[in-house]
Amino acid sequence: MLDRGTFLQSMTKPKIILVLPALNLAKELKETLDKVKRTVSKFSNRFCFRIYVISDGSTDNTHLIMKKWQSECGLDVEVLKNNKNRGLVETLKDTYKKVLRSEEDAHYVLKTDLDKDYDQEAAISKLLGCIPQGNLSNPSFDMVVGSRTYKKQELKRMKACNKTNHEFERREKILKIMKKHFTPDDFDPSSVGSQLYKMASLRRVLQNKSVGLFLTWKERYGLDVVIPLAALFMKMRFKKISVGSGKYVAKKSDVAKKRYDTYERIINLFISRSEGSSSRARLLRTRRVTSVS
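Take the sequence shown: its position 26, counting from 1, is numbered 26 in the numbering used here, and each next residue is one higher.
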């Protein structure tokens with residue numbers, strides 16, 4: 001809980017909502033949450049923060065570690081728990097709905113993952129650095145996507161695993177399609193788990209009936225791709241930045257296949273909708289997309 005002095009001080013600063021989902025991350029969670037705390041402390045002179053940490057049906061001590069961190073960190077933290085694993089998409093959908101309902105005084109929503117394969121401190125810092133000082137009502141963007149890049153050594157590791165999970169091959173084909181058909185053309189669906197939204201812009205995307213995907217998307221993956229492409233479809237102001245390099249963690253072949261099959265369905269769905277929409281000049285460069293399978 002915030003003391004009265006901290007609460008009064010927070011009323012004069014823009015409010016940032018952090019959304020941090022996790023599944024079975026007990027081994028690394030304390031380390032990554034402490035990175036979040038350091039970053040929030042670094043920006044506390046500019047912003048006030050409310051943090052949502054969510055355990056998606058974890059079967060290890062993830063939820064207990066979250067509760068302990070909540071009691072010790074001295075920040076405004078709410079811990080949420082799914083009694084069973086619902087998947088990232090449903091977890092984020094419910095959390096965003098809760099935030100839009102209960103945090104009407106917030107200016108921005110920042111979502112990032114808590115896995116150890118990248119630096120949360122760098123990702124959050126770079127996203128917050130995009131927010132202009134003194135011009136909150138009209139920034140130069142509606143949303144910012146933070147993309148992780150892979151250094152040559154990590155790409156070599158990914159390529160070495162390709163014989164078993166085909167991830168390198170699928171990723172290269174996806175990138176070619178994105179480069180050919182979309183802007184920004186270097187949007188990598190597998191590396192965009194850190195995103196910053198204007199509160200009003202996120203509400204527009206999630207409630208837009210012409211897009212509709214937020215209400216109907218039931219896959220376990222892909223909401224971090226659906227929302228940016230929906231923003232482009234709606235001609236919103238979109239910005240992509242690098243949030244640093246990530247470590248490649250090899251996925252099992254069935255998991256990699258499901259993820260990239262999902263990315264393909266999302267891309268084809270938006271291309272199909274854009275072809276029948278007056279907004280296609282913004283989103284689409286050619287008529288059809290080649291198959292990724």
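Everything labelled a hint here was simulated from the structure, so no lab data went into it.
Everything numeric in this text was worked out from a predicted model, so none of it was measured.
A couple of the hints might just be wrong.
Below are the DSBU-like pairs computed for lysine-lysine, each with C-alpha atoms no more than 35 angstroms apart in a straight line [stated by the list, open to error]:
(1) 258 - 218
(2) 37 - 15
(3) 247 - 126
(4) 126 - 37
(5) 156 - 27
(6) 97 - 35
(7) 247 - 67
(8) 163 - 173
(9) 35 - 152
(10) 42 - 239
(11) 179 - 258
(12) 173 - 209
(13) 37 - 252
(14) 258 - 235
(15) 235 - 98
(16) 67 - 35
(17) 152 - 126
(18) 37 - 13
Cβ-Cβ distance ranges computed for the label pairs, FRET-style [said to hold, decoys possible]:
(19) 272 - 61: 20 to 30 angstroms
(20) 12 - 203: 16 to 26 angstroms
(21) 133 - 163: 18 to 28 angstroms
(22) 164 - 130: 13 to 23 angstroms
(23) 164 - 101: 26 to 36 angstroms
(24) 203 - 269: 18 to 28 angstroms
Where is the CB? At the ideal position from N, CA and C, for every residue including glycine.
Exercise. Can you give the numbers of the hints that this structure goes against, from lowest to highest?
Worked result: When the structure is compared with the hints, numbers 19, 21, 22, 23 turn out to be violated.
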